[in-house]
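Protein chains: 2
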Amino acid sequence: MSSQLKGACIFGQSGGPTAVINASMYGVVSAALASENITHVYGAQYGIKGVLEDKLFDMGAENAEELKLLLNTPSSELGSCRYKIAEPKEDDSDYKRILEVFKKYDVRYFFYNGGNDSMDTCNKISRYMSSVGYECRVIGVPKTIDNDLFGTDHCPGYGSAAKYIATSCMELYKDTCVYSTGTVNVVEIMGRHAGWLAASAALASYKGCGPDLVYLPERDFDMDSFCADVERVYKEKGKALVVVSEGIHYADGSFVSEAKTSSNDGFGHVQLGGLAVMLASVLHQRIGVKVRGIELSLLQRAAAHQASATDIAEAEMAGRFAVESALSGVSGKMAAFGRDTEGGQYRCVPTLIDLEDVANREKTVPTEWINAEGNFVTEDFINYALPLIQGESDAVYEDGLPRYAKLKKIYASQEVTV
Amino acid sequence: MSSQLKGACIFGQSGGPTAVINASMYGVVSAALASENITHVYGAQYGIKGVLEDKLFDMGAENAEELKLLLNTPSSELGSCRYKIAEPKEDDSDYKRILEVFKKYDVRYFFYNGGNDSMDTCNKISRYMSSVGYECRVIGVPKTIDNDLFGTDHCPGYGSAAKYIATSCMELYKDTCVYSTGTVNVVEIMGRHAGWLAASAALASYKGCGPDLVYLPERDFDMDSFCADVERVYKEKGKALVVVSEGIHYADGSFVSEAKTSSNDGFGHVQLGGLAVMLASVLHQRIGVKVRGIELSLLQRAAAHQASATDIAEAEMAGRFAVESALSGVSGKMAAFGRDTEGGQYRCVPTLIDLEDVANREKTVPTEWINAEGNFVTEDFINYALPLIQGESDAVYEDGLPRYAKLKKIYASQEVTV
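Residue numbers (this note's numbering), protein chains in the order written: chain A, 1 to 418; chain B, 419 to 836.
Excised from the complex, chain A in its bound form (with noise of 0.2 Å):
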């Protein structure tokens, strides 16, 4: 494959949203129009069903200010999908629409911006491509706030999930020592089989405002142990700040939040309140205490008010490598980081992974960044977690309210005539 190739990209979004993955398209989208190599620059409108429904947006037409503005705007500008793109073996349509578009608009570089379903849709497009001689540099970049990606120290869009969790937490807890008789709060925080986003709460306590528990779903969840430690805690100091991951689940592996407990007070409803609230229900039967269950639900992945720096500008950095890695030739690849720690100092290095490696694999917390006791994570973690939390979010207000960009979104459909 020669590193010279010329013609259009298209970048496109992928899986749930988190503050900075608009970051990594500012990163893929300003490198892209900036070379000179890359011909046109294509959005996907809802990810990959953007390509297949000739749904891209010119984003050449956009305005460079505005673009900029994306390094502070949440979600997924694009629009995503949690399509699944089937075996090329199996079935093959998708795949020769994917030509089709590609063709037509002379795609020869695919940016691909998501979590490890994306990186599979990326890799199977990736060999799809050169199993038909159709020259395409296909790149992943990743992104999710669960930090669950392989292959990459850390994935953009935990640290500013992290942060946000965090100082969360540490308001909690400041409202958890208001009154002299104290309540028990227990929070929810997302992470289905990857205790990062709960684990990121122990932050907060390392700066002494932070859970006294903290439940990953890595190590089995016990509901006696658990009312006994928050038992303990709350004798201790008439009052506790508990975080649970959605994902907590017993021996069985039967999650929590969807289990039944013994109780006959019409827990068979769990579904209406989710598991905060029903775990704070059981504390309150069992230990007699004032609770409440709060879900940081949807925030958590959506808060860029209190973004990571470190994590933006590594979300940017992640994009304008993943281009600059197809421009030099490479192909099939994530753009993943690695950790420089030489002389005590954090370093995000931009790396290469395999698409192959990544794709639906899943990355937990190591164990033995847990306690013995599964109720908390060790100094390890806190080492770990603490440099990707860095540096406070420099947002446009406008008003008193965040300014997010404004993209006109014109489609290249409207444009081009094949």
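Rather than coming from a laboratory, the hints here were simulated on the basis of the structure.
By construction, the Cβ of each residue, glycine as well, lies at the ideal position given by its N, Cα and C atoms.
Take the hints with a grain of salt, since some may be wrong.
To be verified - Subject to a maximum C-alpha distance of 27 Å in a straight line, what follows is the list of computed DSS-like cross-link-like pairs (lysine-lysine):
no. : chain 1 : residue 1 : chain 2 : residue 2
1   : B       : Lys625    : B       : Lys708
2   : A       : Lys124    : A       : Lys89
3   : B       : Lys502    : A       : Lys237
4   : B       : Lys655    : A       : Lys49
5   : A       : Lys49     : B       : Lys653
6   : B       : Lys467    : A       : Lys290
7   : A       : Lys207    : B       : Lys781
8   : B       : Lys625    : A       : Lys68
9   : A       : Lys84     : A       : Lys68
10  : A       : Lys84     : B       : Lys655
11  : A       : Lys49     : B       : Lys827
12  : A       : Lys409    : A       : Lys68
13  : A       : Lys207    : A       : Lys84
14  : A       : Lys49     : A       : Lys96
15  : A       : Lys6      : A       : Lys409
16  : A       : Lys237    : B       : Lys824
17  : A       : Lys84     : A       : Lys124
18  : B       : Lys827    : A       : Lys237
19  : B       : Lys502    : A       : Lys290
20  : B       : Lys486    : B       : Lys824
21  : A       : Lys237    : B       : Lys467
22  : B       : Lys827    : B       : Lys781
23  : B       : Lys653    : A       : Lys235
24  : B       : Lys824    : A       : Lys207
25  : B       : Lys424    : B       : Lys826
26  : B       : Lys521    : B       : Lys424
27  : A       : Lys408    : B       : Lys653
28  : A       : Lys235    : B       : Lys507
29  : A       : Lys207    : B       : Lys826
30  : A       : Lys49     : A       : Lys124
31  : A       : Lys408    : B       : Lys467
Said to hold, decoys possible - Now the in silico label distances, taken between C-beta atoms and shown as ranges:
no. : chain 1 : residue 1 : chain 2 : residue 2 : range
32  : B       : Asp642    : A       : Val349    : 58 to 64 Å
33  : A       : Phe150    : B       : Asp812    : 39 to 45 Å
34  : A       : Phe150    : B       : His702    : 31 to 37 Å
35  : A       : Gly288    : B       : Asp812    : 39 to 45 Å
36  : A       : Thr341    : B       : Glu797    : 52 to 58 Å
37  : A       : Ala228    : B       : Ala482    : 42 to 48 Å
38  : A       : Asp224    : B       : His702    : 33 to 39 Å
Guided by the hints, dock chain B onto chain A, whose structure is given.
Okay, now just chain B, sitting in the frame of chain A:
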């Protein structure tokens, strides 16, 4: 009453915390420490309970730099209470005890920071001290995220909560737009009797990224109209962001959050989930869309990281003004805010209002600021609220997280010998 009165002062925090109640504390404490007539500055632990129990912190022993960090430290740093003091005619034992403690420390100034109930406490203490001929100047300092205090244009704490709510709604709006098949997100906002907080979500809509529908407790709620409203928006836009005040109620006065719905799926257990989840569930059943219920919960009263700089400055000013007023001879008043809009420019003007007039009264959103359909607010509300959220917090960060004030909290009783 001569304006020259020498003696100690006590400051106490009462009711629910806010993001800026400690800014008022900073205003009171720094002004009091600077005064020649105030001999000692005490902070009551857990509000009036701290006076009754002689648990007073010596604020003069605190480090000036740490005190300044109170400007960005959320929650009630001295602790708060919801203790309701008796009518002196019915039971004067609390008052006798307060007088005893006032005499012990030669307290001649009492500043109490809180909402309606706290102003009532303040008023009763003021009247009692007059009735027994003990010279003590009593001034209330307002605070409440609910913004429902009578006699003041707005309340310290509201602007910051409003800014957090509007920002969070902007982020949730962006999140609602991610997929081509949109969702209906229902967000529950605090405010049992007054809709000021829920209304503040409309500031996000004013910026083009906010709720489609907003329901306040100032209007009777009708489930059928609600479902029809949401269905209409969903049909038009393919998604909807809906904000409801926790205090919405049916025409018969019963809270929607407490009512059973007509469905037979166990809504008898709605206490498990809360209003947002319950309404989301009703919408899912009635119009068959993907839904999510989101509760901002305690975060909205604690989110100092997204505080309004205007609110912080005004909260501090209220504290300072209370001290200055007392020093000049005023007593039995609350430090209130007027609004000067001369030349189209917002300016907050401190004024004084009789505690008698504030105590136990509630100010709700004017009904003419709610649209005819009862599902949104008018521009009058935007014009009212927008100046209150201006300016971003310049909080000190350490290790990527807010650095809160760390007070020594030395009990005065350990120092004073009677």
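Hints and how they fare:
1. B:Lys625 - B:Lys708: Distance of about 25 Å is within 27 Å: holds.
2. A:Lys124 - A:Lys89: holds (11 Å)
3. B:Lys502 - A:Lys237: holds (25 Å)
4. B:Lys655 - A:Lys49: This hinted pair holds, its Cα atoms lying about 19 Å apart.
5. A:Lys49 - B:Lys653: Satisfied, since the Cα-Cα distance of roughly 22 Å is no more than 27 Å.
6. B:Lys467 - A:Lys290: holds (20 Å)
7. A:Lys207 - B:Lys781: violated (39 Å)
8. B:Lys625 - A:Lys68: holds (19 Å)
9. A:Lys84 - A:Lys68: violated (31 Å)
10. A:Lys84 - B:Lys655: Judged against 27 Å, a Cα distance of about 25 Å means the pair holds.
11. A:Lys49 - B:Lys827: Given that 27 Å is the threshold and the Cα spacing comes to 60 Å, the pair is violated.
12. A:Lys409 - A:Lys68: The hint holds at about 15 Å.
13. A:Lys207 - A:Lys84: Distance of about 41 Å is beyond 27 Å: violated.
14. A:Lys49 - A:Lys96: holds (14 Å)
15. A:Lys6 - A:Lys409: Roughly 24 Å between the alpha carbons, so the hint for Lys6 (chain A) and Lys409 (chain A) holds.
16. A:Lys237 - B:Lys824: holds (18 Å)
17. A:Lys84 - A:Lys124: Holds. Lys84 (chain A) to Lys124 (chain A) sits at ~11 Å (cutoff 27 Å).
18. B:Lys827 - A:Lys237: Distance ~17 Å between Lys827 (chain B) and Lys237 (chain A) Cα, so the pair holds.
19. B:Lys502 - A:Lys290: Given that 27 Å is the threshold and the Cα spacing comes to 19 Å, the pair holds.
20. B:Lys486 - B:Lys824: holds (10 Å)
21. A:Lys237 - B:Lys467: holds (19 Å)
22. B:Lys827 - B:Lys781: violated (35 Å)
23. B:Lys653 - A:Lys235: Cα-Cα ~53 Å, so violated.
24. B:Lys824 - A:Lys207: holds (11 Å)
25. B:Lys424 - B:Lys826: holds (26 Å)
26. B:Lys521 - B:Lys424: holds (13 Å)
27. A:Lys408 - B:Lys653: holds (23 Å)
28. A:Lys235 - B:Lys507: violated (39 Å)
29. A:Lys207 - B:Lys826: Distance ~17 Å between Lys207 (chain A) and Lys826 (chain B) Cα, so the pair holds.
30. A:Lys49 - A:Lys124: holds (15 Å)
31. A:Lys408 - B:Lys467: With Cα atoms ~59 Å apart, Lys408 (chain A) and Lys467 (chain B) exceed 27 Å; violated.
32. B:Asp642 - A:Val349: 58 to 64 Å: holds (59 Å)
33. A:Phe150 - B:Asp812: 39 to 45 Å: Taking Cβ atoms as reference, Phe150 (chain A) and Asp812 (chain B) lie about 40 Å apart, which means the hint holds.
34. A:Phe150 - B:His702: 31 to 37 Å: Distance hint for Phe150 (chain A), His702 (chain B) holds at roughly 35 Å.
35. A:Gly288 - B:Asp812: 39 to 45 Å: Holds: the Cβ-Cβ distance is about 43 Å, inside 39 to 45 Å.
36. A:Thr341 - B:Glu797: 52 to 58 Å: holds (54 Å)
37. A:Ala228 - B:Ala482: 42 to 48 Å: For Ala482 (chain B) against Ala228 (chain A), whose Cβ atoms are near 44 Å apart, the range 42 to 48 Å holds.
38. A:Asp224 - B:His702: 33 to 39 Å: holds (34 Å)
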